[in-house]
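Put the two chains together into one complex; each comes in its own frame, and the hints tell you how they fit.
Listed here are the chains, written in short residue letters.
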Amino acid sequence: MKYPERKTTTIRLAGESGEGVVSSGQILTDTLVEQGFSILTYQTYPAEIKGGHCWYQVRSSAHPLETPGDRVDVLVAFNQEGYDTHTDDLRSGSLIIYDEDAVTPTEVEKVHLFPVRLSKIAKEEVGSARSKNVLAAAILARLVGLPADDVEDSVAAKFKHKGEKVVEVNRKAVKVAYGLPLPDIDMDYALTRMDSTGEIKGTYALTGGDAMVLGALTAGCNFFAGYPITPASSILEALTRELPAWGGRALQTEDEMSALAHCLGASFAGSKSMTATSGPGFSLMMELLGHASTTEVPLVIADLQRGGPSTGLPTKYEQSDLFTAVYGGHGDTPRIVVAPSSVRECFDLTVKAFNLAERYQTPVVLLSDNALSTRMDRVTLPDLTTVDVENRLLAEPDPAQPERFKRYVFTENGVSPFPVPGTPGGQYVCEGLEHDETGKPNYDGTNHEAMNRKRFAKMKDLQEKVTGHYMTGPEDPDVLVVGWGAIAGTVREAVDRLTAEELNVGGMTVTIPWPFPKKAAKALLQAKRVIVAEGNYQGQLAQLITAETGVLVDKVTFARGGLLPVEMVMKRAKELLEMKEVTA
Amino acid sequence: MSEQRYKLQDYKGLRPIWCPGCGDFSVLMALQKALEKRQVPPSELAVISGIGCSGRFPHFMNSYGLHMVHGRSLPAAEAVKLANPELEVIATGGDGDGFAIGMGHFPHTVRRNPNMLYLVMNNEVYGLTKGQTSPTSRTGMVTKTTPWANHDEPINPLVTALAHHCSFVARGVSTDVKGLTDLLIQGMEHEGFAYVEAFSPCLTFFDTYERVRETAKPLPDDHDTKDVLSAMRYAMDPENMWTGVFHKHRRQTLDESAIENTEKAREKNETKPTPLLKIYKELGGKMPA
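Chains W and V, in that order, give the protein sequences. Read in this note's numbering, the first sequence has 526 at position 526, and its numbers run on one by one without any break. So the number in this note's numbering is just where the residue sits in the second sequence, counting from 1, plus 1000.
Because the hints were derived from the structure by calculation, they are not lab data. For glycine and all other residues, C-beta sits at the position ideal for the given N, C-alpha and C. Be aware that one or more of the hints could be misleading.
[Unchecked claim] Away from chain W, derived, C-beta distances all over 12 angstroms, residues of chain V: (1) Q1004; (2) K1007; (3) G1021; (4) H1151; (5) A1163; (6) K1178; (7) D1182; (8) R1213; (9) D1227; (10) V1228; (11) P1238; (12) E1239; (13) N1240; (14) Q1252.
[To be verified] Just a few of them, taken from the derived set where beta-carbon distance is under 7 angstroms, the chain V residues facing chain W: (15) N1062; (16) Y1064; (17) L1066; (18) V1080; (19) N1261; (20) L1283.
The shape of chain V in the complex, shown without the other chains (with noise of 0.2 angstroms):
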């Protein structure tokens, strides 16, 4: 085997500035080596991130990066893959950029299905804007926003995914980042949006090590991932955090149908051009090859 030509090294950015023990650092780690084994060259890495802790991660990576507004990342990254195909393209993100300002653009992103990963750390807070609720937090949870217990019932992000047919859905732990850097490198290789959810406990505002330390275990061996109910089962049980893969499935991804447009507009162009088309080429206009 030849010598790789990108060691791990080559994926690092900035010094993170996250809190020590913050389970972010295991997930870059985790991320870092997955791009390693896949030896993606840093210059056609495209990061693009939301807002929140895990929103800084472009920062800590040797990458393009793109630090978007609140919430969308996604609709971002999503066009970038569809103008630069050749790109590696990675979402990230937390679980309040993702689920709650981010909600009106996950389920779209994910029916559309282009071809990217999107890493969401979800630790069931808001950790830069110094601990108020999260959507994905539990009942009853107090935080500085629900000083007399959390109200809502919780956003599943993984049934969510699932529910608006995305074609690979994967959850890891921070604190296990030999599993979680392959589900990553699974993520990337699958072709379509592939929704990997990283638990990543933020030790300063909402420690649930423990919670991950008792009730995380690998999905049974037998479990179909082609199964989308039972999926859905394992993301809502409420007793274990369940990791590894949930579901997956191959469908046209959004850039591949946006190649077959071109494909089916330049032959209806052939026999009924638009009128516009038709003005076009008749004012001395030419179309790219």
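Bound conformation, chain W alone (with noise of 0.2 angstroms):
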């Protein structure tokens, strides 16, 4: 049982975008990390470059985390907007330090007040006006409970690369920091850390991003072409970097279509391929994606996704780009879809991605989001030899052969062996045309039904024999709560709260949403009362749900642009319990 005895203090910083919000907020992370401790963060950024109100939080624990915190423990506010923004989000007894030359504080009950003058102690007793941000996260690290010596360490070897003047300021501020009169109220925000030498040995604290190129590098990945858009540029930014040294080729295209195409090009040609976008940029390539389903190209396409519709809100949460991903497309289009739900499955799943994507010759939905993308989380890693990697079934044509070469020939599971450029005897044209097995177009009623019927025999396959889902929670739950992306971990957090309050109330994430799975199917069907918990308008994997098993379910919707509460999924689930029949 992980709560109540979990502890864990969730801080928030907020002000100005360019002020220094995100880099104190990245400081005391850091410094989190390095002393020992979980975290778990979720920052917000403004849609334009200069100006706006941005925020940063950071939950820290002993243990893993599943969400960044619905309640805020302490609000760090650098301006009034900071102040007045976030009060909603505080609880009884939560602490808000607020710059007192820029705030005027109005009064919220049971929330204890901490001015502190942060630009003019900065400026006059460290003597830089740039230490305010270390200054900021040294008092928050402070509350937290880490002594002042190792908080000095850490922030000096975090600065070592600028210079010994600048770690001497930052050690200053650290003092400074640790010097200053806290107010008389009970400081309950401190934190045990985790053991250091059993849980943090062998973790890595990294983003859902970084994760996410890991795992394309692990796969294999030697092809990436993408085009700039929020939240997604990170991930092409890295690829670009990263995969020349290992031989691979990446390239910024001029739009989407170029990239999909350029992935589409480079695996008919024999390389693994990928690409990154968001939902407009996905929009973009919906043609291309039916043309590698029906083509049988595999492919990896990764949706980060952010706030829609249209042009939407780019730096704000929603995942509302399922039914994109599952029926996006003209025609009887077969695709597989993939979610994972945590930093660490950001990883697993991406090598997952790439590995349906060559075993099924298919183009694969990577469907990730900006909270998972930017999120920063200790995670494990496996050994990179262990991890399995598949490669596309390779034909082997006989040159002499004078016929031509059946590329799309019919077989009982739908793959057909695969002929690289450049093998002699496999020559055949990659067709978006209906065509018969050699490639030939060919619009003749049987042929077509036969060739659907192979294009979506992949898919049959995949749901009989792959495992997309998994439980948490007890094991026969009176109410069941499923849910999917970033909101899995909101799911298996509330899960875990009502359990320590001995509530009957068990939790599903789905990874892989489409195909359905089967094992899903069954155990949605065996469950007793079912609430899918999405951050989208029209619950799209409710609906998805309910037409795959025919299971009514009830929805928990929240498309306000940020992550779904905790709180609301335990509400809704305590709800359910009461009811004596279900209503939708």
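Below, the structure is given as structure tokens:
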């Protein structure tokens, strides 16, 4: 049981973008990581380059975490907006640290106030206006219970590359932070750190984006083409930096259609290719996704979801591209959709996406989001020599054979051997028109039905053989809560906390929403009552589940630009436990 | 001279389905003759096409083919070459595929200079969809979608290519198979992106055979192929359909730059590996040689 013994502290820093909100937060996070704590972060960015409100949240604990935290224990308000905007997320006993020179405090019930002249102290006592970031981070580290010396050492190590002078200034900032008089309140934000010889050994503090890149490299990705778009640009930047050393190819293209067309061409030529985009770019890729599905070319298409629809809310959280991923593109176009729900799964499921693309010779949509990709989490990673990497079934054509090679030969599971260009005797046309077994255009009705059956046979094979979900919490729950993507973490935490309250609520994380896995369908059919919690307006997974299984589900939807709160799931689960009948 | 390994017949695929009198038959012949001259092994040839009558090319050739969606043959072809530089990469298409929907890719592919041949069959009309206007249709042309006469100024593909630093620009005509074959050979030999336009009349929807007969003429011998502005002037001549090599130059190809990037990245990693690379190695990951 993880709650209520688990102790966590959630810290949020808020202010004007460019003021050091994010850097203070990152300094604190790095210090916590170095000092042996588990962390999980969440940050927002204004959509514009300069100005606008932003905030950074880090939750810390001695144990692994599933969400960045609903309730904020300590809020640092750098400006008035920072003070005014976040009071709803505080709890009784929260602390607001605010810059006295920039904020006129209003009364907030049951909340402690701690005025600190952050800018003034940085400039006058430390001697550098820039040291405000370290000053703020150090005050927070102090509240969390870290000894001054340890924090000084962490900060010194972090800024070592900037030279002796900078290190000295920052050490001074820490000293000043620890010398400040604290308000006379019961500081209950202190944490116990993780056992440094146990849980933190072999762990890495990584973002979901880093994990995705690592997964791609591990899986053998050797071609990446992409177009800049928030929040996927970092994947493009990382792979244009990394892939060349691997002998791979990576480039920025002129648009998203070009990016996916590049991936398709490279895969046709034998490469393992990937692109990464967000909602608007993903929409642009629909035609080519359909082409790859029909021409049976392996592809990995990462969609890092953001607020939609259309240009939407580029820097806000949402998971509303599920319908697009599953149904997007004209015609009956089979494809696979994979959705990581944690930073570790960003690694595992990226590898899986490549493996499934290779095994089934079909496009795989890797559905992630801006919360996971920017989130920093402390994760264990496997020994890479033990990770299973799959390659497409290669053809061995007979060069002496005079007849055209049957690239699309009918097989039981729909997968045909793939001839890599350059292989004598394997010449064929990778053809978007409906085609016969040799790739020659063919509009005959019987052939079309047979080809549809072939392409969908691959989906059937996956549904039957591959596990695309897992359960958490009690074995035979009265209420089952389903989640996917980052919200599956919300569901898992809700289940943990409900279990600690001795309520019989279980959880299901769906990692392969399409083709909808048979075993998951079975578990849903057997469940007494089902809630589907997700971060979109329509309840997309809920609708998908009803369509695939016939099960009527209770929908908990949240499309307000942030993560669905754990409390919202818990509240609904409790309501359902009370109900005699299920109401839709 | 030893006997050729590959005969003309070895490059032939399925029988073409074009209308009798279509210029594309001759263009296909010219390409196959060029390949025979260069002795490209059919299994090492990749033909990537777009949508349109000329997009059907891959089926009429014995090669690896990729029939892409409308307008997107170039990004795919560029990637085929990046993924497997040993292949002879040829993209084919028409004026609609290349300069309407494909216009968003043409200038960028030209700028990136991948080592490949782009063969465009220009007939100034949409043939496969039966007679609509094309981006290269002249002002005043009456078509199914411009019944009141075309208002637009036509795109000039040769000038567009030259304007985006195309490293090899040439035009031939389907009625001169010998000349076109020679241009295609030069285009394939060229190290970089070779744009070869074949003016290839559509007998069914827009018969321009007379115009070709009357106005096509080879560029003068004294034309300096290094001079881009002079090349543009010839390309923009409203009276004459000049043929031959308009311009060529040699600069780093995309593929060469990719190899250079690999060297640079490996060198940098020796002294300043990225945090991700460090983690990868710590976890036992191996780099390919």
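Broken hints, by number: none
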